[in-house]
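Those protein sequence lines, which keep their order, are chains A and B. Add 2 to the 1-based position in the first sequence for this note's numbering, that's all there is to it. Add 815 to the 1-based position in the second sequence for this note's numbering, that's all there is to it.
Hints listed in this document are in silico derivations from the structure and should not be mistaken for laboratory results. Predicted, not measured: the structure shown is a model, and the values here were computed from it. C-beta atoms are modelled at their ideal positions from N, C-alpha and C, and glycine is treated no differently. There's no promise every hint is true.
Stated by the list, open to error - Derived CB-CB ranges, DEER-like:
| id | chain 1 | residue 1 | chain 2 | residue 2 | range |
| --- | --- | --- | --- | --- | --- |
| 1 | B | 1007 | A | 126 | 49 to 55 angstroms |
| 2 | A | 142 | B | 831 | 34 to 40 angstroms |
| 3 | B | 941 | A | 87 | 46 to 52 angstroms |
| 4 | B | 991 | A | 128 | 58 to 64 angstroms |
| 5 | B | 1147 | A | 87 | 52 to 58 angstroms |
| 6 | A | 201 | B | 991 | 42 to 48 angstroms |
| 7 | A | 186 | B | 842 | 51 to 57 angstroms |
| 8 | B | 1169 | A | 153 | 54 to 60 angstroms |
| 9 | B | 818 | A | 142 | 47 to 53 angstroms |
| 10 | A | 91 | B | 1147 | 47 to 53 angstroms |
| 11 | B | 1007 | A | 27 | 54 to 60 angstroms |
| 12 | A | 185 | B | 999 | 33 to 39 angstroms |
As the list claims (entries may be wrong) - If you want the footprint, here are the derived chain B segments under chain A, 3+ residues with CB under 8 angstroms:
| id | stretch |
| --- | --- |
| 13 | 819-832 |
| 14 | 843-856 |
| 15 | 881-895 |
| 16 | 910-916 |
Stated by the list, open to error - If we take Cβ atoms under 10 angstroms as the criterion, some of the chain B residues that face chain A in the derived model are:
| id | residue |
| --- | --- |
| 17 | 835 |
| 18 | 837 |
| 19 | 1176 |
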Amino acid sequence: MSVTTVFDAAGAGHAIVPSGIAVTGVSRSFGAVSALLNATLTVPAGSVTALIGPNGSGKTTLLLMLATLLTPDTGTIRINGHDPVTEPERVRAIMGWMPDTLGSWPSLSARAALQTTGRLYRMTREQAAVRADELIALTDLGDFADRPSRVLSRGQKQRLSLARALVHSPGVLLLDEPASGLDPAARTSLRHLLRRLAGEGSAILVSSHVLAELDEMADAAVYLADGRTASPEQVAAAGASARAWRIRSLDAPALERALATPGVVGALVQILGVDQLGTLVQVENEASAAALLHNLVLSGVPVCDFGPAVGNLEHTFLDLTRSTGPDAEEMK
Amino acid sequence: MTDSRVFLAGLWLIVTLELRQRVRGVSWYVLLGVFMLLVGIVTFLLWLATSAWLSGGGGVFSTIIFFVLLLGTLVSPALSGNSVNGDRDAGTLATTQVTLISTGQIVLGKFLAAWITALAFLAAALPFLIFAVVLGEVSLATIAVSVLVLAAELGVIAAVGVGLSGILTRPLFSIVLTYLVVAALSLGTLIAFALLGTATQQQATSVNYQVVSSTYDEQTGKQSNIVCSTAQTSTHNVPRFDYFWWILAANPYVVVADAAPGSFDDGGHPTDLFGQIAVGVRSAQAPPKLYEENNWCDEAAEGYSGQAYGLGPTPQETYDGAVPSWFIGLTMHLLLGAGTLTWAWRRTRTPALHLPAGSRIA
Ligand SMILES: Nc1ncnc2c1ncn2[C@@H]1O[C@H](COP(=O)(O)OP(=O)(O)OP(=O)(O)O)[C@@H](O)[C@H]1O
Ligand SMILES: [Mg+2]
């Protein structure tokens, strides 16, 4: 089969519409350790889904199974309709995987590594060279594209790794902690890149520990704890639970006075304390937060910052791990 | 493109990638240079030692071939013994496996690259081999067969190195184990052969009839009135090397030596190292005489002819009378190489069902 027939067969032959990633009831254990227990999730084409969970919760294991490297013990996986266990070649043609470990051929330059990867995907020499140049521009590798990758910095290697996952323009992207080690500018451009790829119809699954960042780019989130995916009900309950809000005022004593005035703080609000960024209050739900802000403004407090102390994903994550993980306290 | 064209293209890609990764660079050329220097010195000394300008280049040629085999087996494990598990540790194995390259292409490509690397030593020794051929007395058959079998043996070591690196997870272990396999084949076979042969001693009996007295006729040189002794029986222990000669067949040096067509001088003596080793190995095939009867009286009556006993077969006769063993050894080696490669392929196949304890795929 030539490169075009593989891609055609994989892309169009079977599934006419790319259906993204579908995982049902997948478990995998390594000897006595069960890394994944009955994980279920879907990533529709054209969307970015965040994969969130504490260390050792099975994120990498799940991505390895999606990337045709591990077989699940039970359960089924479909990547655009193809089973990675029985049709690994079809899946590989349409799937790009960025590992969490930095690995690159040490004596090859970034450009040569990308060209080689292209050739491994059965591109011709010319196609691979063109694609490598595109990716070097895309991931801003230009200045060090011709140095051996042994000498690249962590962030530079991470960008090379991302570029390598994109070589064959895959319709399904699996990224294992892509943002780790990236500088803020690179993170922003990663975010834009992923949104653009999703807009072009890719199904993207991103695992990360930087939840604030995922907040900005993910359409949906999958929470893993001890190898289990949290059910939608659990996620909804955790998202709705009481959370901390941070208030900052231009006049700190005025804020303190207002909060001490009876009637301003409703029954559902509890003052947690003051930190260097402002005053933290526990708010039961968004309605009581709105009421509190209203009262503060009415009392003449010059409020300049009023919002949740942690992002949505982080709040849900912390709440879920608090309720399931034994080491939740340490996490906090 | 057909499927096999795609397979071969991917295979060659892995070979070139592997060669660029592992052996390119200054240190590699320095190593080859040092090797050439050593072979040069050895050639010169052999030329002096064997008076090659008179006796021909057979001795020099065969010794250089052995030298290449020695160096190849010493360097190859270090270069090939971590090719799969080293890549896994470096994180480049899994990223190759998610592309359209199959595990078979990876394992086979790494093997070919390791083999080509070892063959570079043969290529570096080429000028000296040509020099030995120019000295004369080296047959075309010897050149062809010994070079081919040497190349095959280097391939076996490369296959074992790559295979073990795919079977074991720790690079250090697989390199050490490859060295142990090389040592077991090169030295272990000799030790096992010697120990087993001498440990299975058997009693040999010899019965002698001695001339007690006789009358010797000066004129005719004949003896008459011979009085014979009764049968005198003596026993002694003999080692049974003939049970174990096949162990030596597994020795790579023996394989190369035994495969080369024997070249002998007029007196039936081997003219190169190959012949000497082959004669030694093949003579072990003959069982020792466990019962011997020497009737010296009959001999005396017939007059000592000198033919009846004393001179054994010439080395050439021993060589021609025994079974060649090299293809047994070579077959064993090829099976060993193919077996370890197959096992390595099974262990590294993805999607992986079982992972070796304590290893991660990426
Ligand atoms: N090959 C393996 N053999 C044994 N145990 C393993 C193996 N791979 C993973 N595990 C175990 O499975 C669990 C899940 O590991 P995994 O790497 O998937 O976690 P993770 O969610 O990616 O963690 P992190 O956030 O730290 O990257 C861990 O407890 C880990 O120790
Ligand atoms: Mg991980």
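Looking back at the hints listed earlier, which ones does the structure fail to meet? 2, 4, 5, 6, 7, 8, 9, 10, 12, 14, 15
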